[in-house]
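Novice: In case you want the letters, here they are:
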Amino acid sequence: MSGRADTFWQQRRISTTTRELTCVACPMGCGLRVELDENNRVLSVAGNACKRGDAYARAECTKPLRSFTSTMRVEGGEAPLVSVKSAEPVPKAKLFDCVKAGNACAAKAPVAIGDVLLANAAGTGVDLIATNRVAKKREAIAV
Amino acid sequence: MLNQSGRSYDVAVIGAGVVGALIARQLGRYDITAVVLERANDVAQGTTKANSAIVHAGFDAKPGSNKAKMNVAGNRLMPGLCETLHVPFRNNGSLVIALSEEELPELQRLLVRGEANGVPGLRLLDRSELLAMEPQVNPEAAAALYAPTGGVVSPYELCVAAAENAVANGVTLLRNFAVERITREERGFVLFSARESVRAGVVINAAGVFADEIARMAGDESFRIRPRRGEYILLDSSQAGVVEKTVFQCPSKMGKGVLITPTVHGNILIGPSAQDIDDREDLATTHGGLRGIQAAVRRTVPGYQIRDIITSFTGLRAHCSRDDFVLEASAANPRLIHAAGVESPGLTAAPAIAQHIAQLALKALGGACAEKAGWVPGRPAPLRMRELSHGERRAAIAKNPAYGRIVCRCETVSEGEILDAIRAPAGATDVDGVKRRTRAGMGRCQGGFCGPRVLELLARELGLPSEEITKCGGDSRILLNKTK
Amino acid sequence: MEAVDLVVIGGGPAGMAAALEAEKNGVERILILERAKTLGGILEQCIHTGFGLHYFGEELSGPEYADRFIVLVEQNPHIEVKLGAMALEVIPGENRHRVFAVNQAEGLLELDCKAVILAMGCRERPRGALNIPGTRPAGILSAGTAQKYVNLEGYLPGREVVILGSGDIGLITARRMTMEGARVKLVCELMPYSSGLTRNIVQCLEDFNIPLRLSCTVVGIHGRERLEAVTVANVDENFRPIPGTEETIPCDLLLFSVGLIPENELSRAAGIAMDHVTAGAVVDELRQTGIPGIFACGNVLHVHDMVDFVTLESQLAGAGAAAYIRGTHDPAPEYLPTRGGNGVRYVVPQRVNRRQPQPLKLYFRVGEVYKNASVRLRCGETTLLQKKRPRLAPGEMEDLLLKPEQLAALPEGAELTIEVVEREGKDQIF
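Chains as they are written, first to last, in my numbering: chain A, 1 to 143; chain B, 1001 to 1484; chain C, 2001 to 2430.
Extracted from the complex, chain A is given alone in its bound form (with noise of 0.2 Å):
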């Protein structure tokens, strides 16, 4: 028994790394430590001064998402951009792919808020859609 309980000690002391992070759950900015096993499991969380920020700790360090936003080329409108946003949050280490992604394509003109401007963006099964509305060009409707 007590060889086994030394062993688990053991490994556990090698293997298990502390994180140090703001909660940005509100303004207050906690400064929590967390601590991780070998397989980025949340062991522990400490500094919080509230459960969100338990939740907060333990989202970021497993699956942290960003909501993203960024803007869209529009052809034949009367704004030569669209603001977009991801209907969700997407990961974090994904954020340059949907920028990169949102550039290379272009909305048609017009262009109403909520409309899906890119279907699952970079892969993440998230789409990309308008958070503003452009008009048609005037001329462009003569041409």
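Be aware that a few hints might be false.
What the hints assert, rightly or not - A few chain C residues that don't get close to chain B, going by computed Cβ distances all over 12 Å:
| # | residue |
| --- | --- |
| 1 | L2072 |
| 2 | A2087 |
| 3 | A2319 |
| 4 | N2342 |
| 5 | L2360 |
Claimed, not checked - So the derived label-pair ranges between C-beta atoms look like this:
| # | chain 1 | residue 1 | chain 2 | residue 2 | range |
| --- | --- | --- | --- | --- | --- |
| 6 | B | S1238 | C | E2059 | 38 to 48 Å |
| 7 | B | N1400 | C | I2242 | 48 to 58 Å |
| 8 | C | L2083 | A | D97 | 37 to 47 Å |
It is worth saying that the hints were derived from the structure and are not from the lab. Idealized CB from N, CA, C, for every residue including glycine.
We have chain A; now place chains B and C onto it with these hints.
Specialist: Below, chains B and C alone, put in the same frame as chain A:
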């Protein structure tokens, strides 16, 4: 290979500052061909755009000097010229204050000088008269010299207007033409920039801080120019009213000292610092310089809280080894005429210098030249929405709806005015050029709101992509590339 | 001359909310003057999300937040919008006011109205205001101007960027520039703390390894035509640069995000009394200025950090203007002044009618960061309210709610003071 067969002109003026531009305007009167060669992307880019903007009465210069003669003559010409060219000018009067009893002899000396120079109306004020005139100046000031003929003018607008008038009367303006080499010919010169050349029978050297370099290119080493840095701080119009007159402290060896003055546009200007430097293009302001003028101005107006700063800037004064304006045909070559060493009171003197130099040029060309038929002395009055009554605004917009689209909200400048400035003879081709001609971007937000719109209008009018529009020529592009 | 009931100057979030609320309260002829080509104001270029959590309970981007109101304004038969219309002058009158504006289609607009709501917003403090020595090359912009080029026009104004100012605008601009391919080399902040939200420090800077240097400012600008480098230096507690800490950073774009200033030129010219701290008008709880029938709301009144609060404030102004127009307002208000005490920079409204019947929110801002302090509202030595605040920061507007019966019980001429009460052994953080 350089283009050796550039166009030929009777006269070439090197430099389109206020001196060069006013000379060009004078040349435009006559039946000759003239060209102005400007190294920058616009006129008024040297000392003209960064100075005290003062029309000096003329009590400061040594009697008999070119500075004294031209100052007093220029002061007389200035109001009429500004009226003809529709340039803002105000005769607000000026004061030199003696901060202590020890400075009283200096005031006396200025009074005597001024009278010798022919300055009208000079008067010494005692403390109570001074404080009645300017209640906010140092109550410990012992006395002041009052010059009723002192005034303020917009130097860059005077230069722009003169260039516009010259071009309208047939003078050619070549921008981005920095003279790098001059060769002599039997009947004149060839002037080379890195890419082009022009021939001219007579060359007028109005090259500001570069005037000695130009002279040397033509074989004349009779004077040297040393740039003298002068730093200024421009305050928002909310600060107006602290003084009504231009208030100088007693002069020192380095110049007329730090002044505080209203500008023609209702701002307050303080400065300059004075520091001799070697770099003719160093327009940086310095920590010490800016602090120094703030400290100095508090001696004029004690406790003055310098708030609402719009901007600070540096001008380089072309201080000449002869300590006077050089206004003469070169001893090395009578076809080279100098209008050089024009530091303070050069702005005031410029209208008189221009007349004088133009006459020298005509003489060098061989004497009597006919006046051009149909010469126009002025320019059309630029429309200024911010100065109009509501009724006048209504009429202006009815004539041209572009006057109804306000682009610069701080200074109330419309799209129509910006288009006028771009389309005018010698018109604006960069963002700063629009700013100097219209005041768009000159106000408290410093172009934060109107900058993008001005850029768009320039791109449209000049037929260029937005990325090629510059702040002030050269590589001063504002946008680098499209993002997508 | 055109006669209307209410002229709203500005069609951003403040102007739209005020107009809609006035209409809801029975005003029938409302005119919004908007100088841009579209409604929405600055929100049009704020393409990031984070708007509307408080008011709509969901996280929207700036254009989406604006659009919620634009749709309502456009559908409303009692609200007329003039776009591209710049108000030039407000002339207060005894019973009715006059507003002069210009636009392209109609020329000069002369409007005669019962009430005016000022909702002109604010502008950014430019470089010149800081008096930083150096040259004046291209490549120096305010953060908002850069946002406009990048987000609305699709142009990059620089590739190597230094940002002065770490408020939310500075932080969000850092992320946007990075996303569009620029490299933000440094964000520096004069204060010993950032006034931006923690979330923005993490998600706009840390996510992209952008360094933030506190107690640091730009002390030199280099480059003749295009910006080539800036020199930054640390500052001491009096914000003076510390010699020997200078570092010169090569860059081609310097962005300023160093504060917003209410755009009150029209208000000042109209003779409206101003608060020197907010740089906005002095107002009562209906956001009525010292001139009866002229109201102010949104960033022209005081700079807000959340658009949701702009909306709420503007609804107060809209309702107040409606009451004034319909004559249902209190004809003889008994005003009590409000005041910021220890640690509190300002309070809005600056005066409140003792007789007003609604629960009353007093908004205020503190001057530095406090942890575990409380805020107190007192009248003389009598504490009316005291609330714990785990954190107070200059970047975050605070409020206290006062019941009308508490207000009514106060003596005439009493003064309301809001102050920070620090705990024993104060725990200030930077």
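Novice: Hint by hint, which ones does this structure get wrong, listed from lowest number up?
Specialist: Violated hint: only 2; rest satisfied.
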